[in-house]
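Peer 1: Note that the protein sequences, when read in sequence, are chains D and G. Just so we're aligned, residue 1 is where the first sequence starts under my numbering, counting upward by one. Just so we're aligned, residue 1001 is where the second sequence starts under my numbering, counting upward by one.
Everything labelled a hint here was simulated from the structure, so no lab data went into it. Treat the hints with care, since some could be wrong.
As the list claims (entries may be wrong) - Which chain D residues face chain G? A few, computed with CB under 7 Å, are given here:
hint : residue
1    : Val3
2    : Ser5
3    : His7
4    : Leu26
5    : Gln29
6    : Asn51
7    : Pro86
8    : Asp88
9    : Asn104
10   : Gln105
11   : Phe109
Claimed, not checked - Here are the simulated distance ranges between beta carbons:
hint : chain 1 : residue 1 : chain 2 : residue 2 : range
12   : D       : Leu26     : G       : Ala1029   : 43 to 51 Å
13   : D       : Pro99     : G       : Asp1027   : 20 to 28 Å
14   : D       : Thr82     : G       : Gln1081   : 26 to 34 Å
15   : G       : Gly1001   : D       : Ser9      : 27 to 35 Å
Beta carbons are placed, not taken as given, at the ideal position from N, Cα and C, and that holds for glycine.
What follows is the residue order along each chain.
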Amino acid sequence: GAVVSQHPSWVICKSGTSVKIECRSLDFQATTMFWYRQFPKQSLMLMATSNEGSKATYEQGVEKDKFLINHASLTLSTLTVTSAHPEDSSFYICSAVKPGQGGNQPQHFGDGTRLSIL
Amino acid sequence: GENVEQHPSTLSVQEGDSAVIKCTYSDSASNYFPWYKQELGKRPQLIIDIRSNVGEKKDQRIAVTLNKTAKHFSLHITETQPEDSAVYFCAASIRWDSGAGSYQLTFGKGTKLSVIP
């Protein structure tokens, strides 16, 4: 299998708080994880590519100082929303790629984290 | 960058009928097109994908067609069942991530499919 766990599933916190979201690959090692953001009735927007042992690669328009990504091990990547404000409220979802031989390997998604900033 | 348009945003069909969801993309360099199904409160699941060197792919009741010239691809579900009710997302590859051995993707906005028993 290829199971990806994301925690927490739901966060409600005050403006100015920093929030950490974890993405874990439970039964495989993932050298790469992707972080997405999804607004209501909108598509999944790729925010950044997280690579184990190196700096994340951010998509254009995504503030790296606002959305800190750490991929410290082959099974864990974290996204920290620093000094969160109401406009950061959204659904954040990660995916992990299970290594394989040859060709394209599909992305396996976590369940997502719904972040609400008051 | 790549822009993916998906239509319709909602689709209701009677059980047993067919459902078709269409997507267009803007970047002619895209060469991998997956479709994901997301049930309420659950994670997106890959249901079928197609590469640019193939025009059509079928897996039981699900098929995907690709027209590279027109830059559009479609998902076809035949003999729909209530359990097919979900949100379906199409995606197109942005770039190849050699470290991951995977494509980075841009997604459509999704289609909420309701199959009426």
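Peer 1: Given the hint of 20 to 28 Å, check if D/Pro99 and G/Asp1027 actually sit that far apart at their C-beta atoms.
Peer 2: 26 Å, holds
Peer 1: Against chain G, is D/Phe109 within 7 Å by beta-carbon distance?
Peer 2: 4 Å, holds
Peer 1: The hint names D/Asn51 as touching chain G; please verify it with the least Cβ-Cβ distance against 7 Å.
Peer 2: 6 Å, holds
Peer 1: Can we keep the D/His7 interface hint, with Cβ of chain G closer than 7 Å?
Peer 2: Violated: closest Cβ of chain G sits about 13 Å from D/His7, beyond 7 Å.
Peer 1: Could you say whether the range 43 to 51 Å given as a hint is met by the Cβ separation of D/Leu26 and G/Ala1029?
Peer 2: 34 Å, violated
Peer 1: Can you let me know if the beta-carbon spacing of D/Thr82 and G/Gln1081 is within 26 to 34 Å?
Peer 2: The hinted range 26 to 34 Å is violated for D/Thr82 and G/Gln1081, with Cβ atoms some 45 Å apart.
Peer 1: Per the CB criterion, is D/Asn104 less than 7 Å away from chain G?
Peer 2: Holds, about 6 Å.
Peer 1: Does D/Leu26 pass the interface hint, meaning its C-beta sits closer than 7 Å to a C-beta of chain G?
Peer 2: With Cβ-Cβ at 13 Å, over 7 Å, it is violated.
Peer 1: Does the interface hint hold: is D/Pro86 within less than 7 Å of chain G, judged Cβ to Cβ?
Peer 2: D/Pro86 check fails; min Cβ-Cβ to chain G is 23 Å, beyond 7 Å.
Peer 1: May I ask you to test the interface hint for D/Ser5 with respect to chain G, counting a Cβ-Cβ separation under 7 Å as satisfied?
Peer 2: 10 Å, violated
Peer 1: Does D/Asp88 hold up as a contact with chain G if the rule is Cβ-Cβ below 7 Å?
Peer 2: 20 Å, violated
Peer 1: Taking the closest Cβ pair, is D/Gln29 under 7 Å from chain G?
Peer 2: 12 Å, violated
In summary, the numbered hints that this structure violates are 1, 2, 3, 4, 5, 7, 8, 12, 14.
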